[in-house]
Amino acid sequence: VSGCVRLGLRIYRFLLSFYPPIFRHEFGDEMQAVFTMVIFEAGKDTGGRLLRLCAREFRDWLGSVLREHLQERRGKMLSINGFGDEKPLRRSELLAALTIFLIPPLTLVLVEILGRTPQLGSILLFLILGSAVTGLIIAIFRGLPRWSHPYLGFLLIVTIYFSRFLGAWGLIYPFFFRIFGRMDSWSLQVRVVYQGLN
Amino acid sequence: MNDNLTYLPLREPTFYILLSLSPGPKHGYAILKDVEELSDGNVLLGTGTLYGAIKRLLDRDWIRRVNDPIPNGTDRERKAYVLTNQGRRVLNAEIVRLQKLVSLALTQTVEEAP
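Chains as they are written, first to last, in our numbering: chain Z, 1 to 198; chain E, 199 to 312.
Accuracy of the hints is not assured; some may be wrong.
Claimed, not checked - Taking beta-carbon pairs under 7 Å as the criterion, some of the chain Z residues facing chain E (in silico):
1. R24
2. F27
3. E41
4. D60
5. L70
6. L106
7. I123
Derived by calculation from the structure, the hints in this document are not laboratory data. Glycine included, each C-beta is placed from N, C-alpha and C at the ideal position.
With the sequences and hints as input, model every part of the structure.
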């Protein structure tokens with residue numbers, strides 16, 4: 001059994017390397033110490049207990065490695081955007097955030113029920129822009145909470161879209177080229193942004 | 199208090215970890231064994247789940263790290279974890295929620311058919 005314990009410890013040390021580096025650095029030693037105690041305790045007992053422990057740890061490892069990588073990725077995204085708070089949204093906040101996406105399909109359903117109308121486009125545009133502007137006004141008064149971000153994104157897209165017709169890009173392009181230099185030296189991300197603006 | 203309610207109901211491992219830490223500081227192995235004992239062997243935490251939960255509890259400021267009060271006989275310093283006031287408030291809120299559920303269930307208990 002002691003040979004199995006030693007092998008188990010070696011495998012565990014190897015498996016620990018799959019955790020994200022920050023997590024491993026913070027908890028790796030402790031995890032190894034705890035696992036050592038647990039496996040030595042199981043090693044004193046029957047081989048069956050040792051096997052069950054190893055199977056449980058392996059199953060746990062699969063889930064927790066994936067979870068920690070996802071959490072770290074999410075944490076990075078949150079910190080890039082300047083939001084470190086992981087508190088879940090309340091139901092009312094979630095509904096407020098989704099409203100901007102719910103209005104178009106709901107309007108379509110309503111129009112289908114009430115009968116087709118030639119002013120469908122105008123009604124949709126009026127409702128979406130109306131809700132976006134209303135949402136944004138409320139959000140500004142509330143200090144731009146998380147639920148308001150879809151509204152900001154939506155209004156940004158609308159602004160970019162309509163600014164093309166107003167000739168605003170004619171003013172922006174020279175600055176774009178001044179910042180990013182010649183087109184052949186652009187990175188993929190800059191090219192994507194440029195194509196998006198076009 | 200309302201802020202704490204947004205996290206409820208707690209996941210079973212989180213609840214047991216907080217419950218295990220409520221009497222005083224404990225290190226990882228003690229928490230692992232305590233959770234097994236408190237749950238009558240129904241919740242067997244793996245080390246990954248345990249430390250993943252500990253990381254999130256530290257991030258939320260529900261627990262904090264302290265030096266282990268019990269010497270472990272080695273030179274290496276062992277870390278222990280202790281419940282913060284915020285963590286205790288969350289645990290109490292969850293206990294109150296569970297108590298309400300149990301009370302409701304007891305008042306609505308249907309007798310078994312013969």
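How the hints compare with the structure:
1. R24: 10 Å, violated
2. F27: Hint on F27 (chain Z): holds, closest Cβ of chain E at ~4 Å, below 7 Å.
3. E41: 9 Å, violated
4. D60: The hint holds - D60 (chain Z) has a Cβ within 7 Å of chain E, the shortest such distance being about 2 Å.
5. L70: 11 Å, violated
6. L106: With a minimum Cβ separation of about 27 Å from chain E (threshold 7 Å), the hint on L106 (chain Z) is violated.
7. I123: 37 Å, violated
Violated hints, in rising order: 1, 3, 5, 6 and 7; the structure is consistent with all others.
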